[in-house]
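Chains as they are written, first to last, in the numbering used here: chain A, 1 to 86; chain B, 1001 to 1165; chain C, 2001 to 2107.
Note that these hints are calculated values from the structure, not bench results. You may find that some hints are simply not true.
Cut-off 25 Å, straight-line C-alpha distance, at most; resulting in silico cross-link-like pairs (DMTMM-like, lysine to aspartate or glutamate) [unchecked claim]:
id, chain 1, residue 1, chain 2, residue 2
1, C, K2086, B, D1127
2, A, K83, B, E1129
3, B, K1099, B, E1162
This is what each chain is made of:
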Amino acid sequence: MTPIIIVSLVLIGLSALLTVIRLLAGPTPFDRLMASDTLTVIATAFLVLFSVISGGTDLYIDVAIVYAVIGFIGVVTIARFLKGGK
Amino acid sequence: MRNWKGTFALLFLLAASWLLIVSSVALVELIAGAVAIVVIVLLTHRSRDLFGGLRLSLKALLFTPIYLMVFLWQLIRSNLDIARRVLTPSLPINPGIVKVQTQLQSPLGKLILANSITLTPGTLTLDIEGSSLYVHWVDVKGTDADAATQSIVAGFERTLMEVVE
Amino acid sequence: MVILGNILIFIGSLFLALGGLGLIRMPDVYNRLQAGTKATTLGAMSVILGSAFLAPEMLTKAVLLIVFIAMANPVSSSTIGRSAYKGGVPLASRSVRDDWAKEEATE
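With the hints as constraints, model all of the structure from the sequences given.
And the structure:
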């Protein structure tokens, strides 16, 4: 692991932390939903990076693909549900 | 077959995705992929009109990479723009919702345009109604609807027109 | 290749962090969506591409993931924005214009 990767991991952690703050703070359900959507993308990026630094198994990138797809479907479904109606 | 163009596009998209996922051409993988693709194509036969808007011509093929280049450049610009706004202590935003017009006819064209607008500097598509798009704009300039259309939509539309209807 | 991969990963995570900061600083859900979507889309794409440069055997899956993120991310944020507007979340008080409200008032 190069120092650049370590700094990058810290930055990704910081971004996840800020997103979780927004997730907890709200104030509307849409803010929370948006924060969890953002968290999905951050987690996807982290999983891919982790897949590289953990010695090049492509297990984690498969997890990342499935996670991205399920996260997307979940967010769209919840958004449509929150709106009420159709 | 009425929407053969949509079927063809969907088949191509699914086959390409499958080959990228498994990244091998072993017989068993190909058979599994073929079965899955046939099932998906049969299950989604009603919503395949979406891809009907694709233009199949040499010119469209030529403009696709150009469009992707424009898109990538706008994405980078929009990130620098949002980074500048977020990092400035006074938070220089001037937000509002504007209504813009598009000349694209097909649902696919409108979808791609809406996605592109979302990823360009300071704009986020909220809804599409007919030929008008409601766009949230971080930095509203002026009050004229035509000027807004010009500065948000026109840049993409010209290139996109060549690829989809 | 390795150097380029490292640079891409660093730039990507920088944008991810900026996106997180935008989520905290922006005044309403629509502006947060703007910051969140744009920064995390480019950030994630850049991190994934950089990772693929470090481990070329996962390049195909990385390309697929990048294409998926580029297509899905704007859709999900548009959906959230639309639902928020229909669900009655007001624009921030410093907003200057709202064509959509005008439209619905005249209908």
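Exercise for the section: Against the structure, test the hints numbered earlier, and report the numbers of the ones violated in rising order. Expected result: none
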